[in-house]
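Each of the two chains sits in its own frame; use the hints to bring them together as a complex.
Single-letter residue listing:
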Amino acid sequence: MSIEWLLEPFQYGFMIRAFVGTSLIAVLAAMIGVFIVLKGLSFIGDAIAHISFAGIALALLLGWHPSLGAFLLASGTAVGITVLNRTAKVRYDTALAIVFTGAFAAGVIILARMPSFGGDISALLLGSVLGIRPQELWLIGGAVVMIGLILWLAYHHLVFAVFDPTGAEAAGLPVVGLNMLLTLMLSTAVVVSIQSVGVVLVMALLITPAATAGIFTRRLGRMMVLAGALGMAATWAGLYLAYYYSLPPGATIVIMATIEFGAALGIRQIKRRLKAGFAYGTRSGS
Amino acid sequence: MNYAVDVENLSVDYESHLVLDNITWRVETGSLAAVIGPNGGGKSTLLKSLLSLVPIAAGSVRIFGEEPKKARVQVAYLPQREEVDWSFPISCLDVVLQGRLARLRWWQHPKRRDRDLAEACLQKVGMGVYASRPIGSLSGGQIQRVFIARALAQEAKLIIMDEPGAGLDAAAQHQLLDLFLELQRQGHTIVISTHDLNCLAAGFDTVLGLDRQVVMFGAPADVLDGKRLTRLFAKHFPVIGPEGEVSIHEH
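Protein sequence lines correspond, in order, to chains A and B. Throughout the first sequence, residue numbering follows the numbering used here, covering 87 to 372 in sequence. Throughout the second sequence, residue numbering follows the numbering used here, covering 40 to 290 in sequence.
Be a bit skeptical, because a hint or two may be false.
[Claimed, not checked] Some chain A residues near chain B, calculated using beta-carbon distances under 10 Å:
id : residue
1  : P251
2  : E255
3  : A257
4  : G263
[Stated by the list, open to error] Straight line, CA to CA, 27 Å or less: simulated DSSO-like cross-link-like pairs of lysine-lysine:
id : chain 1 : residue 1 : chain 2 : residue 2
5  : B       : K109      : B       : K87
6  : A       : K125      : B       : K108
7  : B       : K87       : A       : K125
In short, the hints are calculated from the structure, not lab data. Think of the CB as a built atom: it goes at the ideal place given N, C-alpha and C, for glycine as much as any other residue.
Next up, chain B with everything else stripped away, as it sits in the complex (with noise of 0.2 Å):
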């Protein structure tokens, strides 16, 4: 079988505290994969670690088989929505065109071609006419979709997502989706962490609850169930609706 994602026996501290436990996860190829799990179950981590961005205390890490490092430039990682200041001054063609610098070296300036690229990959997500938009402007399923052209512009095989659908309502929620579903048919892989069972996780081909060890794996249909998600958001309760949708509740 040919792996994205193979990740074995994987541990990862933080400052002497363990974060992610004896994780033993896979992703195929040209799948959609989803994390869930408590905040501070450890998703952010369990993704920063398939970038190398996370020292690994234990375990390793494949990505296309080869080292995380070695094949950076087939993955790309959007951030999480706090990690990024919004104020900055940039349009979003060039969030777009800073995928092509994956693959120049630091003095070399994007050509004309590599602008083309950008372009085309704004309009493939729907956002062309918003080219010279500064990216503050714009709202948060917009901004997914221009990040998303920027992996697309990277010609990045894998894509990461940490809470691509945070802040979203349930419209958007569901066109992202439906941009996944076509970028699947395209080949890409695509693994997200998320809060959203419904809509995003539901609609993947495989679901991995994380809290700090691997509580579950499998098809979504086999996982979202109400004991099992009790199990995994411990201090939480999940509270299954008529038609079957789960949301999450604190206690």
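Here chain A stands alone, though its shape is the one from the complex (with noise of 0.2 Å):
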């Protein structure tokens, strides 16, 4: 692998712009990506990244900017759902799955009925890292900088509300208004990553990366930074293959964080087979 193997992909401004924008988006999915584990919102985050499909689908309808209406029906669906999960206390993965799968076959609909829609479906449901244009990248930027901030500020309390639920609301914390902001982070984060990677595997993206993060440290802080950097290398392993063997970018890089999984798995697995060994060769040697 020479160095002009390496710089090759940079002579293309396309390439330059799917290279930033997809780093910033594994640095976004590692930090929102480490709370969807750990609090179990991965079913959430799909139902949100299908509803934001519909979005897509009404703005291009209205003649707005696609992100806008994916932002608006995402943040709608994420505070529904907090409010949902509080006041009725029920099941309510069925009602969303309804939901979410009923939003998303409309806005196919509406698309294929829509003669003045250039693009194509599969661009949105698969995304279309190689079409990321100049202010896309100041949107995902944009979304770095304000979940960063917020996520920094907000940090400790997070953490509490996640952890221990009941615990942090008895100590008076805004359990329920903390729910609503990791939710909307979430969604940011679906709307701006599915750009990328699109509808369909953008959670994938989100995570993929900070699950392999979890196998190899027990720390939160150690596990956002190993998810953004296990983030980071398979978006650039994914988009060098794409390149050089014309493979479609967006499920490239997440065939390459599925991989970076199934091998920190196996890398735990050779781990613990050596640990045991050692010590079933030292007690057969005493």
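In structure tokens, the structure reads:
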């Protein structure tokens, strides 16, 4: 692998934007993904992603910016879920699944029937990393700064509310507000990341690096940093492979993250075997 | 009389089903109060009503003479073991530090002196050397101590614990009771729910027998006798051992 091989993609503006954009998304995903994994919010994240798709379709129909429509519907869903979870205290996963698949189907129909829709649906479903425009980089960068700032401020209180919700509420922490903040940050991260990997794969980008990091460390701070590094590595490896072998970039990035996870599981297994073998060896030797 | 907990004619429903029916119960400030009763008898609900975590259908709850919501900073709650995810990546010191957050707004960070106080509280419960250990690597008894240290860091006067004795062996339960007695000497009021009638309940100042209604209330010596326990645990039967120890068996 020569320097030329590594540098070649950077002669194209769209590749530079793809590298910068997806790297920013990897940072964003790491920050919020750790909380999603620890609080078990993957299902809600997936619902938000599907509903965002309906938001994009609606925005295109009304002539708005797609991200605005996605963000409005996604954040509306996030607030709705938090309130429903709080007041109804019922199992809402069935209701949520019905709503988000319904919204997704509505989005598909809207886009299919819209004569002015120039793009193809698969770009929205599977992402269009190579189509990231300069103003979208600002949007992603803005989301990274905003979520980073909120997480830095609310970090300790969020951790308390996720770790021990009842204890936190008993101590007078605004647990409902903190949960809402978390789901709003989740929907922002989802909407922003859809650009790179699309509706279907967005949760993989948010969850997989965080889950992989969780295999190696039992410290929250380290887990976040490691998830960022793993996400970044998957992103760069995916983009190079996509560039040289003409693979779909969004899917290739997700596959790289999945391989990292599989490798992490393997390494843990080998470590355990070695430890067990070593313990056995010392016992038999004594 | 000065009451840490003053519950009057309290009723709580859950999905139009009466979980607590007309409860009147007082806990004197600086005393140790245990709540016993069968599963589903409303022990956890009663404790949560003290924290205003469940809606009240009728009656009133006062904590140190105030509305529960206003008294929150003076009250610490230790959840039941299954309510917490023990694989959560957090160190003992960080759990104790959470006690300080009750006194900070959501955007404020704990300061150096909060950290020092948290460390001191961890020392106080004999867990100082475990400060940097992940919470999930500790035994049941050690986890209880860390959570008690969190309550101390909060400077809570009333400590409420749901089943602190669950999953502890006899030695760990006795150590826990010793810690409660020590906290009592320092002026804390402690309210627990428990299934353990010999060690924890027997060592407390008052015992409330709860099965949706108040079945009995008084000092353990007066309350923990076979006939009364049979009434409380209607579907279970208590067995009194040779040295007067009581255990509950299901039919």
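Now for the hints, and whether the structure bears them out:
1. P251: Result: holds, 8 Å to nearest chain B Cβ.
2. E255: With a minimum Cβ separation of about 6 Å from chain B (threshold 10 Å), the hint on E255 (chain A) holds.
3. A257: Holds, about 4 Å.
4. G263: holds, 7 Å
5. B:K109 / B:K87: holds, 15 Å
6. A:K125 / B:K108: Holds, because 26 Å separates the two Cα atoms, which is no more than 27 Å.
7. B:K87 / A:K125: Roughly 22 Å separates the two Cα atoms, so the pair holds.
This entry satisfies every hint, going by the numbered hints stated previously.
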